[in-house]
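Generate coordinates for the entire structure from the input sequences, incorporating the hints supplied.
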Amino acid sequence: MDKNKAVLLWKDIQEELIVAQKKVDNKFRECSDYKEFYNFLKLNVNNLNLVDVEFFDIKFKHYGKIIKTTLLIPEHGRLYFEVAYYPLSKKYFKKLRVSISNKFSVSNHYMERLIERKGVDSISKVKGFIVNNFKKMDESNFIKNIGGLDISTEFIVLNTDSVSFCDLEINDDKVCEAVMKTIITENELTAINKKMIGYILEKTESETCLLATHAIPKTEIEADNVIEGTRKRTSGLLGSWEEVEMYKNISSSPSSFSHEQQFIKAFVDYLGRYDPNSTKYQKYLINT
Numbered sequence: 001m002d003k004n005k006a007v008l009l010w011k012d013i014q015e016e017l018i019v020a021q022k023k024v025d026n027k028f029r030e031c032s033d034y035k036e037f038y039n040f041l042k043l044n045v046n047n048l049n050l051v052d053v054e055f056f057d058i059k060f061k062h063y064g065k066i067i068k069t070t071l072l073i074p075e076h077g078r079l080y081f082e083v084a085y086y087p088l089s090k091k092y093f094k095k096l097r098v099s100i101s102n103k104f105s106v107s108n109h110y111m112e113r114l115i116e117r118k119g120v121d122s123i124s125k126v127k128g129f130i131v132n133n134f135k136k137m138d139e140s141n142f143i144k145n146i147g148g149l150d151i152s153t154e155f156i157v158l159n160t161d162s163v164s165f166c167d168l169e170i171n172d173d174k175v176c177e178a179v180m181k182t183i184i185t186e187n188e189l190t191a192i193n194k195k196m197i198g199y200i201l202e203k204t205e206s207e208t209c210l211l212a213t214h215a216i217p218k219t220e221i222e223a224d225n226v227i228e229g230t231r232k233r234t235s236g237l238l239g240s241w242e243e244v245e246m247y248k249n250i251s252s253s254p255s256s257f258s259h260e261q262q263f264i265k266a267f268v269d270y271l272g273r274y275d276p277n278s279t280k281y282q283k284y285l286i287n288t
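Per the working numbering, the sequence shown starts with residue 1, numbered consecutively.
Honestly, I wouldn't trust all of these hints.
As a list, the in silico PhoX-like pairs of lysine-lysine whose alpha-carbon atoms are at most 20 Å apart [unchecked claim]:
hint	residue 1	residue 2
1	Lys181	Lys103
2	Lys22	Lys42
3	Lys11	Lys22
4	Lys118	Lys135
5	Lys59	Lys265
6	Lys68	Lys27
7	Lys11	Lys125
8	Lys95	Lys59
9	Lys27	Lys91
10	Lys68	Lys135
11	Lys11	Lys118
12	Lys94	Lys42
13	Lys59	Lys94
14	Lys65	Lys35
15	Lys5	Lys125
16	Lys181	Lys118
17	Lys95	Lys68
18	Lys232	Lys144
19	Lys61	Lys91
20	Lys118	Lys136
21	Lys91	Lys265
22	Lys65	Lys42
23	Lys203	Lys136
FRET-style restraints, in silico, Cβ to Cβ [claimed, not checked]:
hint	residue 1	residue 2	range
24	Val131	Asn26	24 to 30 Å
25	Lys59	Asn225	47 to 53 Å
26	Val131	Glu260	28 to 34 Å
27	Gly128	Ile192	28 to 34 Å
28	Leu168	Val45	28 to 34 Å
29	Lys195	Lys232	24 to 30 Å
30	Asp167	Lys232	16 to 22 Å
31	Val45	Met1	24 to 30 Å
Because the hints were derived from the structure by calculation, they are not lab data.
The beta carbon of each residue, even a glycine, is placed where N, CA and C say it ideally should be.
Below you can see the structure in the form of structure tokens.
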């Protein structure tokens with residue numbers, strides 16, 4: 001696809017995502033009950049900026065039961081992935097959405113190249129690409145055997161047919177965010193690039209891997225050093241950000257609370273850190 005056409009098409013897709021989010025927000029405010037809202041999300045998931053929808057039939061204290069979605073939000077030249085929790089208690093229903101970034105975003109330049117080089121030219125294709133790529137990362141042997149990258153530096157994501165280049169950025173609120181800046185696709189890779197990608201993927205027994213470096217290694221020795229350096233930067237944890245934050249608050253020792261009760265308390269505390277109405281939110285801001 002022509003580069004200029006890709007730029008214009010990405011602008012159109014962003015507008016569609018913004019309109020879709022407004023539809024979600026309006027439905028949340030105007031629906032008669034949570035079932036109407038949940039059914040709306042489920043029936044229209046393919047046409048909206050939603051990646052998934054879940055309903056938790058558990059009362060999380062003052063938040064009540066919860067609907068969870070993953071939203072695609074274009075803002076400030078980036079595409080953000082936001083996990084949104086909709087509390088369904090009378091106090092909060094139709095009033096509060098607890099929004100939590102997954103600390104990953106995609107630059108406009110990356111999306112434009114994706115459209116130009118891979119034909120990702122609609123909301124459904126954008127969602128498909130994102131879901132498939134994150135799924136590949138989560139399920140890769142690299143993650144299972146080594147652990148998730150403890151992101152504290154720029155890094156690259158290697159696939160057999162592409163390489164993504166990512167930076168670490170810290171915003172004014174001192175929040176770290178990984179930004180996918182640009183992508184090189186298969187027809188742009190040199191013979192040595194392909195050889196080294198094959199070597200690294202074979203060495204890590206993975207179809208996808210994340211490396212703490214800014215460029216594709218040029219020799220096997222360099223690749224071995226980068227793999228070892230990356231190993232030292234991994235967290236060794238398989239869980240998501242939210243799982244790590246929640247479960248570190250669940251005691252492994254016996255207590256008067258059941259494991260389920262501990263989970264509910266930890267989850268409520270976790271939401272409180274991102275709920276502007278919560279005292280925990282204010283403490284979290286002070287401590288960051």
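Consistency of the hints with the structure:
Simply put, lysine 181 and lysine 103 have alpha-carbon atoms about 14 Å apart, close enough for the 20 Å limit, and the pair holds. With a C-alpha separation of about 16 Å, the suggested pair lysine 22 and lysine 42 falls inside the 20 Å cut-off, and the hint holds. Distance hint between lysine 11 and lysine 22 is fulfilled; the C-alpha atoms sit about 17 Å from each other, no more than 20 Å. Our distance criterion of 20 Å between C-alpha atoms is met by lysine 118 and lysine 135, whose separation comes to about 18 Å.
Between lysine 59 and lysine 265 the alpha-carbon distance is near 11 Å, which keeps this suggested pair within the 20 Å criterion. At most 20 Å may separate the alpha-carbon atoms for a hinted pair to count; lysine 68 and lysine 27 meet this at roughly 15 Å. Distance hint between lysine 11 and lysine 125 is fulfilled; the C-alpha atoms sit about 15 Å from each other, no more than 20 Å. The straight-line distance between the Cα atoms of lysine 95 and lysine 59 is roughly 18 Å, inside the 20 Å bound, and the hint therefore holds.
In summary, the hint linking lysine 27 to lysine 91 is supported, as the alpha carbons are separated by about 18 Å, within the 20 Å threshold. The straight-line distance between the Cα atoms of lysine 68 and lysine 135 is roughly 18 Å, inside the 20 Å bound, and the hint therefore holds. A threshold of 20 Å between alpha carbons decides the hint, and for lysine 11 with lysine 118 the separation of about 17 Å falls inside it, so the pair holds. This hinted pair checks out: lysine 94 and lysine 42 have alpha carbons roughly 17 Å apart, not beyond 20 Å.
Our distance criterion of 20 Å between C-alpha atoms is met by lysine 59 and lysine 94, whose separation comes to about 17 Å. For a cut-off of 20 Å, the pair hint linking lysine 65 to lysine 35 stands: about 12 Å separates their Cα positions. Between lysine 5 and lysine 125 the alpha-carbon distance is near 17 Å, which keeps this suggested pair within the 20 Å criterion. Straight-line distance between C-alpha atoms of lysine 181 and lysine 118 comes to about 16 Å, which keeps the hinted pair within the 20 Å bound.
Between the alpha carbons of lysine 95 and lysine 68 the distance comes to roughly 15 Å, so the proposed pair stays at or under 20 Å and holds. The suggested pairing of lysine 232 with lysine 144 holds, with an alpha-carbon distance near 15 Å, which does not exceed 20 Å. About 11 Å separates the Cα atoms of lysine 61 and lysine 91, which keeps this hinted pair within 20 Å; it holds. Between the alpha carbons of lysine 118 and lysine 136 the distance comes to roughly 17 Å, so the proposed pair stays at or under 20 Å and holds.
For a cut-off of 20 Å, the pair hint linking lysine 91 to lysine 265 stands: about 18 Å separates their Cα positions. Straight-line distance between C-alpha atoms of lysine 65 and lysine 42 comes to about 17 Å, which keeps the hinted pair within the 20 Å bound. The straight-line distance between the Cα atoms of lysine 203 and lysine 136 is roughly 17 Å, inside the 20 Å bound, and the hint therefore holds. A hinted range of 24 to 30 Å holds for the C-beta pair valine 131 and asparagine 26, which are about 25 Å apart.
For lysine 59 and asparagine 225, the hinted distance range of 47 to 53 Å is satisfied, since their beta carbons lie about 52 Å from each other. The given range of 28 to 34 Å is respected by valine 131 and glutamate 260, whose C-beta atoms sit roughly 29 Å from each other. Taken as a hint, the range 28 to 34 Å holds for the pair glycine 128 and isoleucine 192, whose Cβ atoms sit roughly 31 Å apart. A hinted range of 28 to 34 Å holds for the C-beta pair leucine 168 and valine 45, which are about 31 Å apart.
Here the CB-CB span from lysine 195 to lysine 232 is close to 25 Å, well matched to the stated 24 to 30 Å. At roughly 20 Å, the beta carbons of aspartate 167 and lysine 232 sit within the given window of 16 to 22 Å. Separated by about 27 Å at the C-beta atoms, valine 45 and methionine 1 satisfy the suggested range of 24 to 30 Å.
The structure meets every hint from the earlier list without exception.
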